[in-house]
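Peer 1: Make a model of the complete structure from these sequences and hints.
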Amino acid sequence: METKPLLNKSNGILRVLRTTAIGGLLFLLPLVFVGALIGQVVPIVMSIAESLGTILPDALKSAGGIALLIFLAVCVLLLLCFGAGVLARISLSRRLSEAFEKKVLFLFPKYAILKDQMADSIGGDHARAKMKPVLVHYENVKRIAFETERSDDLGVATVYLPGSPDPWAGKVAIFAADQVEPLPANFGEAVEVCEQLGRGTEKLIKRLSSKIPNDSSTDADQQE
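In the working numbering, the protein residues as written are 1 to 224.
To be clear, the hints were calculated from the coordinates, so they are not data collected in a lab.
There's no promise every hint is true.
With a Cα cut of at most 16 angstroms, we get these calculated EDC-like pairs of lysine to aspartate or glutamate [unchecked claim]: (1) K171 to E149; (2) K130 to E189; (3) K206 to E189; (4) K203 to E189.
What follows is a list of derived Cβ distance ranges for each label pair [as the list claims (entries may be wrong)]: (5) T148 to V32: 25 to 35 angstroms; (6) E189 to E139: 19 to 29 angstroms; (7) P43 to H137: 49 to 59 angstroms; (8) L14 to A84: 34 to 44 angstroms.
Backbone N, C-alpha and C define an ideal beta-carbon position, used for all residues, glycine too.
Peer 2: Right, dumping it as structure tokens:
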């Protein structure tokens, strides 16, 4: 009888360690990307500089000149990335991108989660997490969830009800639109509350203090 609680506790610890490791990986990904980008650019620039050694001015043959060439090459790559971003906003490219994402989701179901975590870390008007943190009202409790889709015509909202301490062991449910209230928190904050078994909920409740009655309860630990 004592083995089952110990096993559940061990599984909970493993889930926390796993989600923490994934969070650290996502935090380091931009740095890894920049390092890999520079690592690819430097050999190319050095090779071009050697090939054009007789043409390049002496100022560009020094260490400072090579550094300037590398900087310019990185700027060109960033401009190409910007151009790709503009292209992605065109309807045809967007449809192709969505079709590709569906294929990726089929092979790697957690792709949408990782993408939203990256979008939340980057921020900005166009890099927004698509899973919106919300508070769902049902069965005399208020539960932290993520709205994934809303139909104003049908008056319903599709939400993902996360688990705890592993937010990604949850379920999908459809509620009446008036049961789903926007939560004044970003994607990362809501995920963190779930991972920490409800710790940190107080600051979210304070943001909603003008809307939540004193006798209401919040189902923050996400477990049923």
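Peer 1: For the pair supplied as a hint, K203 and E189, is the alpha-carbon distance within the 16 angstroms limit?
Peer 2: This hinted pair holds, its Cα atoms lying about 10 angstroms apart.
Peer 1: Note whether the CB distance of L14 and A84 lies within 34 to 44 angstroms or breaks it.
Peer 2: holds (39 angstroms)
Peer 1: For E189 and E139, compare the CB-CB distance with the range 19 to 29 angstroms and indicate the outcome.
Peer 2: holds (24 angstroms)
Peer 1: I want to verify a distance hint. Is the separation of the beta carbons of P43 and H137 within 49 to 59 angstroms?
Peer 2: The hint (49 to 59 angstroms, Cβ to Cβ) holds, given that P43 and H137 are roughly 58 angstroms apart.
Peer 1: Has the given pair, K130 with E189, been kept, meaning a C-alpha gap of at most 16 angstroms?
Peer 2: Holds, at roughly 15 angstroms.
Peer 1: Holds or violated: are the alpha carbons of K206 and E189 at most 16 angstroms from each other?
Peer 2: holds (14 angstroms)
Peer 1: Quick one: are T148 and V32 within 25 to 35 angstroms, going by C-beta?
Peer 2: Holds - the Cβ-Cβ distance for T148 and V32, about 29 angstroms, lies within 25 to 35 angstroms.
Peer 1: Tell me if the straight-line CA distance from K171 to E149 falls inside 16 angstroms.
Peer 2: It holds: about 14 angstroms lies between the C-alpha atoms, which stays within 16 angstroms.
Against the hints set out earlier in the document, no violation occurs for any number.
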